Amino acid sequence: MTAPLPKSGADAATWDRVALVDLLDRVLTTGVVISGEVTLSIADVDLVYVSVHALVSSVRAGGPGPVPLRGARP
Amino acid sequence: MASLTAGTGVWVYAICADIDDGRLSGVVGVDREPVRAVRAAGLTAVVGSVPLTEFGEEGLPRNLNDLARLESIARAHHRVVEIVADHGPAVPTRLATVYQDTDRIAGMLARRHDDFIAALGRVARRREWGVKVYGDRPEPATAVTPPLGASPGSPGAGTAYLRDRRQQLADRDVSHRTALAAAEAVHADLSGHAVAARRHRPQDPQLRGESRWMVLNGAYLVDDDIAEAFAAAVAACADRYRDVTIESTGPWPPYSFADIEDDADLTQGPP
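Heads up: the sequence lines are chains A and B, in that order. Just so we're aligned, residue 321 is where the first sequence starts under the numbering used here, counting upward by one. Just so we're aligned, residue 4 is where the second sequence starts under the numbering used here, counting upward by one.
It cannot be assumed that every hint is accurate.
[Stated by the list, open to error] Just so you have them, the derived chain A footprint on chain B, three or more residues with Cβ under 8 Å:
id: 1; stretch: 91-100
id: 2; stretch: 181-191
[What the hints assert, rightly or not] Taking beta-carbon pairs under 10 Å as the criterion, some of the chain B residues facing chain A (in silico):
id: 3; residue: Val198
id: 4; residue: Ala200
id: 5; residue: Arg201
id: 6; residue: Arg204
id: 7; residue: Leu210
Source of the hints: derived by calculation from the structure; they are not laboratory data. Computed from a predicted model, the values in this text were never measured in an experiment. Ideal Cβ placement from N, Cα and C applies to all residues, glycine included.
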């Protein structure tokens with residue numbers, strides 16, 4: 321019953337990081353958007369990506385301190 | 004909307020025809036809450052109750068801007084979607100679809116019943132595969148590295164630099180055109196093995212921690228019966244187009260093919 325997971329072979333750490341980007345591609349930009357009674361949804365996926373970008377870059381650079389984010393709200 | 008900052012909301016993971024409650028036993032969601040089935044109109048929404056302080060209008064943007072939280076939420080959402088999709092046809096819900104209560108979800112299931120039935124029919128016994136194609140060079144916008152060892156002051160250095168740079172740009176141009184052509188060919192070939200195909204926006208190389216230029220970020224809805232043939236087609240493309248790198252992911256639940264808006268447009272449009 322259980323489908324094979326896309327994990328075979330790849331180095332786990334690399335796989336996890338790469339897979340997160342693939343996963344965000346799907347959960348953030350696809351999947352059914354239900355209109356009408358929806359009370360909350362991501363209005364601006366690009367903005368989330370901008371934030372993710374800043375965060376990932378910061379993590380990679382290993383820089384300490386808070387991450388300068390483009391504010392989600394004015 | 005103003006009330007969606009406190010209290011409890013209901014996070015929707017996926018819509019399916021039905022699912023045994025036993026399959027959801029012990030399954031937890033984005034807040035480690037137990038997930039459950041909400042049934043109405045012959046359909047089932049798999050949901051979990053979440054605090055709106057964390058998943059409401061104010062909490063959610065904060066959490067999605069925290070990479071660790073975003074990853075944890077995305078993975079938890081995906082885990083539940085996979086469990087539902089392993090059980091039978093499922094329409095995954097976009098991340099962060101939160102309702103005030105289950106009555107509203109039941110109303111939504113009833114109202115969009117025909118759309119969901121059609122969408123479930125489209126994805127039944129099919130799964131999504133991702134195929135990415137990379138050119139071997141950085142993106143075109145990337146600056147050309149000045150040649151090493153060229154001393155700016157030496158005679159002819161400027162001319163040599165310009166000549167090398169021109170050649171570099173020409174090579175890069177050819178390389179990019181080759182990669183783009185390969186992407187088109189791969190997408191056309193794989194689309195022939197799929198019941199539906201979509202091209203997502205290419206991923207930012209920096210997000211992936213690499214410099215290769217993504218020229219295709221494709222998603223293919225493939226009959227389970229021919230999944231092996233599809234994998235063989237991907238391998239054949241990798242053999243054939245040696246100037247690019249091809250990677251595949253999956254199988255995924257049918258995230259990229261869960262759109263019901265087309266159906267809504269059809270029913271509302273002219274006959």
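Here is what the structure says about each hint:
no. : hint    : in the structure
1   : 91-100  : holds (count 7)
2   : 181-191 : violated (count 0)
3   : Val198  : violated (16 Å)
4   : Ala200  : violated (13 Å)
5   : Arg201  : holds (8 Å)
6   : Arg204  : holds (8 Å)
7   : Leu210  : holds (5 Å)
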